[in-house]
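Participant: Given next are the chains, with one letter for each unit.
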Amino acid sequence: SQKIEQNSEALNIQEGKTATLTCNYTNYSPAYLQWYRQDPGRGPVFLLLIRENEKEKRKERLKVTFDTTLKQSLFHITASQPADSATYLCALVDSSASKIIFGSGTRLSIRP
Amino acid sequence: GAVVSQHPSRVICKSGTSVKIECRSLDFQATTMFWYRQFPKQSLMLMATSNEGSKATYEQGVEKDKFLINHASLTLSTLTVTSAHPEDSSFYICSATGLAGGINEQFFGPGTRLTVL
Numbered sequence: 046s047q048k049i050e051q052n053s054e055a056l057n058i059q060e061g062k063t064a065t066l067t068c069n070y071t072n073y074s075p076a077y078l079q080w081y082r083q084d085p086g087r088g089p090v091f092l093l094l095i096r097e098n099e100k101e102k103r104k105e106r107l108k109v110t111f112d113t114t115l116k117q118s119l120f121h122i123t124a125s126q127p128a129d130s131a132t133y134l135c136a137l138v139d140s141s142a143s144k145i146i147f148g149s150g151t152r153l154s155i156r157p
Numbered sequence: 010g011a012v013v014s015q016h017p018s019r020v021i022c023k024s025g026t027s028v029k030i031e032c033r034s035l036d037f038q039a040t041t042m043f044w045y046r047q048f049p050k051q052s053l054m055l056m057a058t059s060n061e062g063s064k065a066t067y068e069q070g071v072e073k074d075k076f077l078i079n080h081a082s083l084t085l086s087t088l089t090v091t092s093a094h095p096e097d098s099s100f101y102i103c104s105a106t107g108l109a110g111g112i113n114e115q116f117f118g119p120g121t122r123l124t125v126l
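Chains as they are written, first to last, in our numbering: chain A, 46 to 157; chain B, 10 to 126.
There may be inaccurate statements among the hints.
[Unchecked claim] For lysine to aspartate or glutamate, the following DMTMM-like pairs were computed, each having C-alpha atoms within a straight-line distance of at most 25 Å:
1) B:Lys-50 <-> B:Glu-68
2) B:Lys-50 <-> A:Asp-84
3) B:Lys-50 <-> A:Glu-50
4) A:Lys-108 <-> B:Glu-114
5) A:Lys-48 <-> B:Glu-114
6) B:Lys-64 <-> B:Asp-97
7) A:Lys-144 <-> B:Glu-61
8) B:Lys-75 <-> B:Glu-61
9) B:Lys-50 <-> A:Asp-139
10) B:Lys-50 <-> A:Asp-129
11) A:Lys-48 <-> B:Glu-68
12) A:Lys-144 <-> B:Asp-97
13) A:Lys-144 <-> B:Glu-114
14) A:Lys-116 <-> B:Glu-114
15) A:Lys-62 <-> A:Glu-101
16) B:Lys-23 <-> B:Glu-96
17) B:Lys-64 <-> A:Asp-139
18) B:Lys-73 <-> A:Asp-139
19) A:Lys-144 <-> B:Asp-74
20) A:Lys-100 <-> A:Asp-112
21) A:Lys-62 <-> A:Glu-97
22) A:Lys-144 <-> B:Glu-68
23) A:Lys-102 <-> A:Glu-50
24) A:Lys-100 <-> B:Glu-114
25) A:Lys-62 <-> A:Asp-139
26) A:Lys-116 <-> B:Glu-61
[Said to hold, decoys possible] Only some residues are given here: those of chain A computed to face chain B with a beta carbon under 8 Å:
27) Ala-124
28) Ile-145
29) Ser-149
No lab work stands behind these hints, which were simulated from the structure alone. Please read these numbers as outputs of a predicted model, since none were measured by experiment. Here a beta-carbon is modelled for each residue, glycine too, at the ideal position from N, C-alpha and C.
In isolation and in its complexed conformation, chain A is listed as follows (with noise of 0.2 Å):
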């Protein structure tokens, strides 16, 4: 079956540290692959974007990248603050590029 695994539900970092989430997908081939942050209660925005034929995205204090063999992902964030804390959800663009397919998320907190 299809699935898309964000492997932990929830991580807690110090302040300053780099925080790294994990997103693994079975049985996709996804052409892209997206990052959001969810704070609560709000919709999420859009970080960041990497094409299958990429190995890494940078973005300011973000990087992702995109392993397609390993069909896994990881987002960094570093020098980490407390403002980053908030839920990561990671998400694929379906191979008939018809729709998004969400992770369930991983909850960041990063503690001062």
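Please build the complex by placing chain B on the supplied structure of chain A, with the hints as guidance.
Facilitator: Showing chain B alone in chain A's frame:
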């Protein structure tokens, strides 16, 4: 940047009543709008895809007669939950793509919290 709004942000209704949720693209024309539902601590689940001027395409397991979607203009789509029951209580989120953007350029609304008593 592109902005999508939803109205209302919160709604509480009695069981058996119908509730309409609006999704508007404020500064662009949305050829396609998507409706999602999110239960606590769960992922966003796509309910349906709607294109302006045509019938919505519903995902498997979503009752089209219960969740009525209308996309009458390029800036407005509505979701009506008919004869709502407590199990319909959820967070409903819409998103929209513009004329030039594809599936990767979805802009999400802030969501509507529906509580059915």
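Participant: For which of the previously enumerated hints does the structure constitute a violation, in increasing order of number?
Facilitator: Checked against the structure, the hints that fail are numbers 21, 25, 26 and 27, while the rest are satisfied.
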